[in-house]
Each structure stands twice: as structure tokens, then as C-alpha cells.
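Enquirer: Now for the letters of each chain:
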Amino acid sequence: MIKQKKVSTSRIGAVAAILAASLALAACGSSSSSSSSKSGGSGASSSSSSSSGAAATLNAAGSTLAAPIYQQWGSTLKSQGLTVNYDPVGSGAGIADLQTSTVQFAGSDPALKPTDTAKLKGPALQLPVAFGAITVSYNLPGVNTGLKLDGPTIADIYLGKIKTWNAPAIAKLNPGMKLPSTRITVVHRADSSGTTNGFTTFLSDYSPTWKSQVGANKDVKWPTGTGAAKNSGVAAAIKQTSGAIGYVEQAYALINGFHYAAVENAHGRYILPTIANTSAAAQGIAIPKDLGISTINAGGPTAYPIVSQTFLDVYQDPCKAGGANAATASGLKRFLTYAVGAGQQTLGSGANKLPYAPLPSTLAAKDMAQLKAMSCNGSAIS
Amino acid sequence: MGASAATVPGDRSRLERSPVSRLPDQVLRWGLTGLAAAILILLGYFFIRLIGQSSNTFSSFGLSFVFGNDWDVSRNIYHGFPLLFGTLLTSAIALIIGVPVAISAALFVTELCPRRLRGPLTILVDLLAAVPSVVYGLWGVFVLEPRLLPAEKWFASTFSFIPFIGGGTPTMPNYFVAGLILAIMILPIVSAITREVMATVPAEDKEAALALGATRWEMIRMAVLPYSRPGITGGAMLGLGRALGETIAVVIVIGNAPVIGSHLFNQGYSLAAVIANEFGEAAATPIHSSALFAAGLVLFVLTLIVNLLARRFISRGQHGHRGTGATGVSIGVSAPQ
Amino acid sequence: MSLTEFAPISPARRRRNQLMRGVLMAGTIVALIPLVLVIYYLIHKGAGSLNEKFFTTDPTGNFFGNQGGVRSAILGSLEIVGLASLIAIPTGIGVALFLTEYGKQTRFANVVRYFVDVMTGVPSIVFGLFIYIVLVTSHIGGNFTGWKGSVALSLLMLPVVVRAAEVVLLLVPSALREAALALGAPRWRVISKVVLPTALPGLMTGSLLAVARGMGETAPLLFTVSVAFGATANLGAQMNTLPVQIFNDIGSPNTTLNNRAWGAALTLVALVLIINLIARAVARRSRMA
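Protein chains in written order, with numbering that gives the first Met the number 0: chain A, 0 to 381; chain B, 0 to 336; chain C, 0 to 288.
Just chain A, with the same shape it has in the complex:
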């Protein structure tokens, strides 16, 4: 019995030592994370951005379309004492988190609806920050680039009316192209998604049947198809199923080397989702007072028709409505100032730029003006 006790005690000692060592590592870790760390290798160092103030931590959640942007900005701003924790849970969940005040800002692709603002704890600002093209990607061996599709056809595919790739409706748009008889596997989102909202808005614009039967929303009752969670889930499903078609944001399509369709816009031209064509969608759009723009099916002749805007949503008074303290509110304002200012330099085409279209200067200026309305418990934020 005594011998056993000795052995047990030494075992306890070993476990305790391991626990202590790991906690010591954690302590080292936390101390080094508060000191400056190297920022990303991209050319996006914020040399021209605002002064570094007190350290602050911003917790955020929302759109997966915009997640790469906020995560990159968070990394860049770390050297200025701002820690940004962004959880890519989807636009709907992000707004819900803002409504329950569990985050400081939310990323949302669709503009806030009256039903959304009704549940918020106080008046909120929505700032458009970038535009992302929603590609119609497909996995069709033998068919690479050049596939043309238009709104009504895509709607019919997603309604389940067009079942094979060599259907007459598709062949009509692509004369001379050899289309296989593979069955079309429709892929869509299973979670609440701003990307879905943009895509279904586009479909509703072109197909009255879609509009009445399914409608446009972050979460719809899909007539057919497989559901996957997040942009990445849809991308994975497309990648693995021969004959699949799905809607994914540009970055996911590029990374996976997907082929995507040229989609007909309102001006009758078939447009590919390049950055330039994405920017074109933001040109000349109507800007409502609450900045709740929509770039779906908008813009000039070169505009890609399925471009989604993405917003940063915050409370106008984060201290009163969101329970933030002055330091956090200040950090929040600094982040937003960067987002609509220097951060825009990180977006665009070209190496080392995030593949999203930046704001046109008029819109950026409006965003900056909105920021002035932010306050902390009534007083201005430094």
C-alpha cells in the first residue's frame, strides 16, 4: 500500500508539472502577444493610418464572404495595439450577435432590414466596406472556360427544372460548345448567408417564378440541391461532385481553381467576375441615407451582375447600446477609420491585394462622414 502511494504521488507530481509548464507557456504567450508582432508580408502596412492609441480588443462575427478581409486587417492592426477577433459565422448569425450585444461589430453582406434594426439595442451604423463577386462556379470535366449563363437559366437550374448540362436552355446560350449529358448537382448554402441573399436577389430579379416560389433571403427553402455550410462547404461540394454547380465568393473560386460562368447582365452582355467588373457594379448606384446599398444587378455595361456589397455594422453608441467601455469604443472607431480609409489600399486586383473591389471615393467619403456620428455614452470618441 505504501509503495503504491509513492507511485501515485509521483504521478500526481508529473501531471502537475505538465499543467504548470503549459500555463507558464501560456503566460509567455500572452505577454508576447501584447507586444508588437510582425504584420503580414503584404504591401498593406498601415504606415499612413491613424495614431496608435490604447490597446483594445474587438470581438466581431459575421459574413464569411468578408472574413478574409477582416482577418487580414486584424493582423495588420495588431502592431497598433488593436486585437480583432472575427468569427466567420455567416451574416445572419453576425447580426444576431450584434442584436444580443455579444460582439462589438458585425459583418453583414445584406443591408439591415427594418426587422433587423427593430431588434437592435440602439441606433446602428452600417458602413459598406468592399464588394465581392459571387461566382457561378461549376465542375464539369471537358468544359473549362467560356460557359455562358443568364439569370432565367440559372434560376431554372436552381428550381430543378433544368436537370442536365446539355439541356436546350443551356445549349442555346452556348452555341458550338460541346456539353455533356451529366446530371446537374445543385449546391447551395445550408446556413444563413449573405452570399445566399445576394444570389437569390439576383435570381428574383430575373425569374418571376423564383421570386414568388422561393424569394430572396439569407436563408430560403431551396427547391432542390445539396446544402453545405459556409462558402467553404459549398466550394468543397463543387470540387468533389462532377456536374456540380454552386455559388461561391470570388476568393474561394480562385483558390480552388474553379471554372465559373460568364453571366449576362442587365445590359445584355456576358460578364466574367473580374475585379474591374466587380468595381463597375458599384459605379453610379443609388446611395440611400442609411448607406444600405445593393450592388446586385447594378452598374454599367461592364458590370458583373452578381456582386455583393458587404457592410460593417456597429452601434452608433457602442458604450450605451453595446456595453463597451471607452477604450473599446475608441479602438472600434480606429478600426472603422482604417477600414474605410487606409485599409481600402489592401483591396483590388494584383499580387498581394485581397481579391475584392474597393469603395469608390464618393462612398468612402460618406462612410467617413457617418463615423463622426459615433459616440460613447453621449460624448465624442477620441
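Keep in mind that the hints were calculated from the coordinates and are not lab data.
Each residue gets a CB set at the ideal place from its N, CA and C atoms; glycine is no exception.
Hints are not guaranteed to be accurate.
Claimed, not checked - Beta-carbon label-pair distances, calculated as ranges:
| hint | chain 1 | residue 1 | chain 2 | residue 2 | range |
| --- | --- | --- | --- | --- | --- |
| 1 | B | I304 | A | K160 | 39 to 47 angstroms |
| 2 | B | D69 | A | S180 | 29 to 37 angstroms |
| 3 | A | K160 | B | W153 | 22 to 30 angstroms |
Keeping the supplied structure of chain A fixed, place chains B and C upon it in accordance with the hints.
Expert: Chains B and C only, in chain A's frame:
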């Protein structure tokens, strides 16, 4: 010790302790009792909270929440039969595939394999329980699904005369793959309990059969299996309990379509998966979050019933073994994730 | 059953015996195939990401350039599971002590046992939701925090500890208890000096299995801890954890991050396997468990 030395003036026994020194005992007793009671209260609160959050759903939809077939988030209509169907179907597949395999492994390890291999094989089967759920889901979607699709297509076209199981066009995420992954996940628990139960078979029964000239298999068939049947059933039910509640792995491989899939190899949904996918956005929409809590409540009630039945079967099968169900250590990593 | 029924063993019976032996062996191999395949696949996809930087740097969130490693995820998991263990293990052993020493077969004790069993069957996501509603949206002590994740995990780990501990405590020979009591020791000393030390190896096994369970859980953490990039020892803040890191990295459009997810998955499985093996070794060494 003589009787005289055992008493002191006042007729108190020498060995009796003073009330003060009994205090720590009382404190310990009531402290531990209080702890156990606190756990019960916590569970009670959990159950009440769950019911409270779901009441909105049942008052709005009544029983059609469970038996209606229309889960439409955009119109705020929550009739969850497709979810219940998916949960039950994938769990049934998990049982049909997993239980025979688990029993075979348990039988092999306890009766047939060389003694040296017994330990390593036991460890290996139990290690299946150590792999986290998310890893199984990812493995399922990246490795299993693509490789199974050709086989599924062949099966569907060859057996197209059988409704639901044959015919139709297999798609990649589907009920079957989800059921298969669940089968793998319940293997360790069913196998461990089966082993425990078989260990309690009286050696005399086995030796008697062998002494009368039975072959090894006949001995198993006559002495081991009949004796263990209740316990094995209990183990299968515990495996069922795990399969019912499994979330992350299923979310990744079932296809997340809130409809009753037309075939075995088509996509569907499950109660746990819908909670995982939709709760984030539902948090601020009372009717939606209530519907998801109601889904959780249905799951909870299902696992309640299954656990109750399992306990009854296992303790019947343990015949005099310590009545706790004696499966503590191996059950440790069993529950759904 | 007449004596002639079994002797001599006919060729048909011999064949059936061999056949069933084959079937059972095949069944065992089928049971083992998934484990082998999963581990192989994990190593194949994840081993390439494992290097020194992987374990010593935090994820950066960069789109280009240095993606960083998963140090904060490993530390976060250890911290959150550590706190959960501090809650669940003593509580679990306490409840088990109650059941074996005081409650025994009383009605109250049986009710406690039944509900502890029920707890084993509750899907972890439902516990996550419970904590989300009770603690997170009510803003008690912050929004998403590490310690709330620990509370959710401890709800999952508790029944494991209780069941394992009860089995082990029951195996302590009553003769030992009675001898100590006969020598005049008060109940609490019997428990602390005789029962617990004797059962200690088995208690450790059960505790380690609960810890292994806690490390692998994803669903409860998603609703209670959210994400973070940097490493922190502050359980009152959002933290990174391995399961959530894997979940998010797999969802990224960046293939480097996808590979990092596989490396993290391999690390997580290795950690859980090691804990399991230690638990078994401890169990084997002791005479009791």
C-alpha cells in the same frame, strides 16, 4: 479489551467519540449529499429551461412540429419531421452496420484470438472513440464520400426495384454516408460493453459445452450469446443514444437538406445538425430559436428513453455483477459530440 | 442433450467452425479499418504542416504571407479543458463518493445515478446552447469567454468522472474500510486515508478519459468561446481552441490554412490518443481498476 475498560464514568463507551469530533463527518456527509442534490437541481434547471425555451414552438405548431413536413426558415414555419426522419434513419443505419461488427470484434477478442493480441486489439478498437467528431466528419467528406459514390451508383442501379434503397440518383452527401460514419463512432462503445458482458459469462457454462465436444463456435452460440443477449442489447441501445445526438460529423456529411430525401443515397437533415447550422442566426429570433430548442428537447427526450431502456437491459444482463452497470471506464468516451 | 450429439466432430461442423472464425476475424478487421484509414489520412495530410513554427507561433489572420501556427489554439484548449477538469473532477469524485459511501441504494441515490446516466446521453450541442442562453446572452461576466466554455465542457465531463469513479470506489474492499472504522477512525479519515488512496489509480484513469473527451469537443465551444488569434491566459476573454481553429481553417479559401487545419487535427488526435493511452497505462498498473 475487558468490559470494564470499555466504559468510562457516564456509561459512554471508551471508543465513542465526542460530538465535536463527529462534526467533520457530518459536514462531509451533508456536503456530499448537497453536492449530489446540486447536480440534480442543475439538471432539473436545464430541463426546465429547455422546455421553457421550446414552449413557444409547441404552442405555435403543436404536434406538427414533430410530424409535419415543412421546415422553412424564411417563412418561419417549423415542422420538423424531415429532421426526425433523418435522425432516426441515420441512427438505424448506424445500428444495422455497427452492432454486428462490434459484436464480432468483441467475440473475436474475448474468445478466439491469441492471448497476447487481446490487449492491443482491445486498445485499438477503443481508440476509435478517441478520434474527435470533427475529424470523422472531415475524413468522411474528403475520403469516404468520393470513394463510395461509384459503389452507391452501382448499388442503386442494380437494386432499383427496391423502393427507397435502390433507384434514384445517388448524390454525394447522403443518409448512408452519415449512417456509416455514425456506425464507426458507436463501434467502440458497443464493443466495450459487449466485452464486459461476455466477461461475466460463467466459465462453467463455457467449459461444459467444450467438455461435451462442442466446437469453439458452437460453444459461443450455445453458452456465450444467449447469456449475453440482454447486455448486448443494452450496449446497442447506448450506441443508439450516441448516434442520435451526434452533431458535427453528421452536419458535414448529411447534405443539410430539410426534406425527406427520396432515396437512401440522397441528402437529408438531422435534429442535431439543424441546431448546429441554424442556431447562430436564430439567436435573436425568438420563434426560430425556440424551434431549435424544441429540436434539442426532442433529442433529449429520445436519449432519455433510450438510456432508460439500455440500463434496464444491461443490468438484467449482468446477473449479479455489481449493479452499477460496471461499464464506467469504457463508457467514458461514449457520448455524442 | 445426448452425449452422442457432439462426438465425433463432423466435417460439416468443423467447416462451420472455421467459417465463423473467419467471419469474426473479418468483423474485427472491418472494425479496425476506419481507425487505420483515419490515422493514415491525418498523417498524410497533416504531417507536412508540422514544424517548429507550427507549435510556437499564433495564427496571424493574414491572407498573404505568414499564416502562423496554432500555438494559441493548443494553449487555449489546454487552459479551457484544464479549468473544466478543475470543476468536473473534484465534483464528479464527490458525487461518486456520495453514491458509494452514503447514498448506496437509497431512492435518492438511484435517482442521481439515473440522471447522471442521462447526462452522458445529452448531445453536447444542447449543453452548449444551454450555457449560451444562460451565461452568454445574459452577459454574465462578459460575452464569449473561455471560462464559459469550461463550464459547458464540465457538464459533459462530469458524468464520465462520476461513472468511472463510482465503479472504482466500489471495488475498494469493504474489509479495508471496516478495519479502519474498527480502529476508531472517523468516517472522513477513512475516506481520505483509505478509500481515496486505494482507488486513486482508477480515479485518475476516469479523470483522464473525461479530459480526453473534453479536448475533442467542438459544438459547445462554438457557442460559448467564439474565436481569437492571440494566445492569452485570460479565461475571461475570447480564446482560441484546437477544435474551433480546425473548423474555421477548413472553412477558409486559403489552401495553406486548409493544410494547417489538418496539422491541427493531427495534433488534436495525437493529444487525445496520448491521454487515452496514459489512462490505460495507469489502469493497468493498478490492481484495482
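Enquirer: Are the hints correct? Go through all of them and say.
Expert: So, going through the hints one by one against the coordinates:
1. B:I304 to A:K160: 39 to 47 angstroms: holds (43 angstroms)
2. B:D69 to A:S180: 29 to 37 angstroms: Taking Cβ atoms as reference, D69 (chain B) and S180 (chain A) lie about 34 angstroms apart, which means the hint holds.
3. A:K160 to B:W153: 22 to 30 angstroms: At 29 angstroms between Cβs, range holds.
Figure legend: structure checked against the earlier numbered hints; every hint is met.
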